[in-house]
Structures are given as C-alpha cells and as structure tokens.
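Protein chains in written order, with our numbering: chain A, 28 to 135; chain B, 325 to 438.
For the record, the hints were derived by calculation from the structure and aren't laboratory data.
Keep in mind that this is a model prediction, so the values were computed, not measured.
Heads up, a few of these hints could be off.
[What the hints assert, rightly or not] Simulated restraints, written as ranges between beta carbons of each label pair:
no.	chain 1	residue 1	chain 2	residue 2	range
1	B	T400	A	K100	37 to 43 Å
2	A	E47	B	V377	39 to 45 Å
3	A	T95	B	M364	22 to 28 Å
[As the list claims (entries may be wrong)] Below are the DMTMM-like pairs computed for lysine to aspartate or glutamate, each with C-alpha atoms no more than 20 Å apart in a straight line:
no.	chain 1	residue 1	chain 2	residue 2
4	A	K36	B	E368
5	A	K92	A	E47
6	B	K402	B	E426
7	A	K42	A	E106
8	A	K84	B	E426
9	B	K392	B	D380
[Said to hold, decoys possible] Chain A regions said to be covered by chain B (calculated; three or more residues, Cβ under 8 Å):
no.	segment
10	66-76
11	120-131
All C-beta atoms in this analysis are idealised placements derived from N, C-alpha and C, irrespective of residue type, glycine included.
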Amino acid sequence: AQRVTQPEKLLSVFKGAPVELKCNYSYSGSPELFWYVQYSRQRLQLLLRHISRESIKGFTADLNKGETSFHLKKPFAQEEDSAMYYCALSGRDYKLSFGAGTTVTVRA
Amino acid sequence: DAGVIQSPRHEVTEMGQEVTLRCKPISGHDYLFWYRQTMMRGLELLIYFNNNVPIDDSGMPEDRFSAKMPNASFSTLKIQPSEPRDSAVYFCASSSIFRNDEQYFGPGTRLTVT
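Just chain B, with the same shape it has in the complex (with noise of 0.2 Å):
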C-alpha cells in the first residue's frame, strides 16, 4: 500500500483564485481527517468523516473552505476564494477504528497564495 496519497504536493497560486486538494486514503480505512499547519497555530483539525460522512468541521475557518468525500477512496478540500493567509501545509490522515485509531498521514501539499 502506498499510504495515503494527496495531490498536489505543491500549489503556488494568486489570490482570488480556487484550489482544490485531492486525498486518497489507505483503503479500507473508515475515517478521514484533513489538517492545517502553520508556524503560528501548529497543526489543527479542519474536518474529518467516518464512511465518507462529514462529522465534525467546527475547525473550517470559514465558508470560503469546503469539503467533499463522493466515495471512500477520494476526498477534496476546496478553498474559494484563496487568500494569502491559507498559505499553509495541508495534511490528509486516514484511520480505522480496527487499527487502534492511529491516525496515517499523507505527505501534505504546501500551499503559497501570493
């Protein structure tokens, strides 16, 4: 298995602009977490689901973010309009409650709004 995968792992764009970044979690696992992390606040929970449900997103900062699951191997964290303080690395994680809630992260993709 090749782990989680994200796409893509670098984002260089303009403010104004959409993004959208791409996870695929281990398969077979039932929940999926995306991250942000910044120098100033660390690493914090945006949203997570449990099969393909959204279930908590109180950490979206706000309605320019949106998050998508359409089946259990694909998610997408969408950021309209960008804005120069999204600049952030953003980590997909997935895990199964059969493997003693450890959490496997992807590699992250580094976003830069300029």
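Same shape as in the complex, but just chain A (with noise of 0.2 Å):
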C-alpha cells in the first residue's frame, strides 16, 4: 500500500523567511515523488518531481529514502507562494496518493 503523510494543515510565515512543507510517505518499491501546489482560484498543477532535481519558483525538495521523506522548501517566502500544496507518491501504476494537503499563508 502507498501512503503519503503531511502533517501539517496549516503553515504561516512571514515574507522574507524561510518555508518547509514536510512530507512522509510508505511505498514498498521506489516511488516518484511530487508536489503539486493549488494557487487561489486556479487548478491544481504541478510543481516539481524529485526525477528531475530543479528548483522551481525557489523551491527545492530532495527525496530521503532513508527517512522516507520528501520535504519541500523555500529559503525565502514570496506573498505569491500563499496556496494550497499536496506532496504525492506514484507507484508503476501511474496512479497518484495524494497528502491532505498544506495551506501555506505568507504574511507580509
């Protein structure tokens, strides 16, 4: 069974500091990792995948097997990174478990 853990709902932080959304997941062979983030009236999209290893929009995310963690981060929030952000596991099946998701609000 795969399964994914965010368990933090609610994140709040000022402009200017430093942002990590924590993930966890269960899988028994190697997934692909993502985060997908839903920004205020907009559709859910991806952000980035650990296959690719970039920083988009300044966040970054490295896979730790060891700890079967997949955490993102952002050494400096942006107002515009306030959304909604889903960490999620893919297994062979192409088929996506999703987090519960983490509101991130950025306060000026």
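Combine the two chains into a complex, taking the hints into account.
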C-alpha cells in the first residue's frame, strides 16, 4: 500500500522567512514523488518532481529514502507562494496518492 | 489547448437526485483520473482509466457512484442517488505516459447536495 503524510494542515510564515513543508511516505518499491500546488482560483498543477532535481519558483525538494521523506523548502518565502500544497506519490501504476495538503499563508 | 474541461463548474441538488459530472481530457492523453476533494479527507482518487478502460475503481465509495469513458475525449461520473455527504469538489485529471506522468487537472466541479 502507498501512503503520503503531510503532518501540517496550516503553515503561516512571514515574507522573506524560510518555509519547509513536510512530507513522509510509505511505499514498498521505488516511488516517484511530486509536489502539486493550487493557488487561489487556479487549477491544481505540478510544482516539481523528485526525478527532475530542479528548483521551481525557488522551491526545492530532496528525496530521502532513509527517512522516507520528500520535504519542500524555500529559503525566502514570497506572498505569491500562499497556496495549498500537496505531496503525491506514484507507484508503477501511474496513479497518484496525495497527502492531505498544507495551506501556506505568507504574511507581509 | 484549453486543458482538461469539466462541467458543470457548480452543481446544487437535492438529496436523492441523480448527478452527472462531465470531463473532457486533453487530446492525446491516454489516462484519465477522477478525484474527490474534501476538507476532512483531502484529495482521494476515485477511479482511473487507461485507453478508455477502467483500471482501478477501488476508491469509488459505494455502488451509488459509477464512471464511464465511452471514448477518448469524454468521461462521466454519476452519483445516483446523491446524499449530503457527497458534497465535495470533484476533479478530473489526464496524463500521458509520454509526458513523464504529469497529471493535468481540470478546474473541478463543486457539488452541493442539500
């Protein structure tokens, strides 16, 4: 069985402060991990995936297989980062299992 | 491409009525997914199709829910009879194995059952 846990439902940070969204997973094989983001009044969209190892909008996420984690980080949060963030896992069958989501609010 | 299209965007119905949600995936995508989003349970996968064939419907909550994909450009999710606990946002998403599995989501249908 595959499972994704996002322990924080809400996260509030000040503009310019670092932000970290936690994600832990359980999966018996080699998963693909993703972060999806939903901005206000916009569609859910892919933010980044572990396999590409790139930084998107200043966000990075490292897959730690030992800790089964895929935390999302940004050193300096911006107001436009306020959104709902979902961590997701894909096994061999192409379907995604999502975490419960974390709502991030960046205050000025 | 307009992306994944869903209709209606909002649906308000009374308990016991039949509800049909519609989805048009991105042209050329061979996977289609139906999700339900609620505050309590987040995003749950209900069912997904590959090349119009249902592959996994283990997330469908009960027999009141059914989904079809009669062709590559159209899918429906039906709830009959509807109940207040079905109130949620229902998302459709599509993907192609040739695009590294990224799922493209529709705008969602907000369903309210009174």
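**OP:** Please write out, lowest number first, the hints stated earlier that are contradicted by the structure.
**Re:** Result: hint 6 breaks, nothing else.
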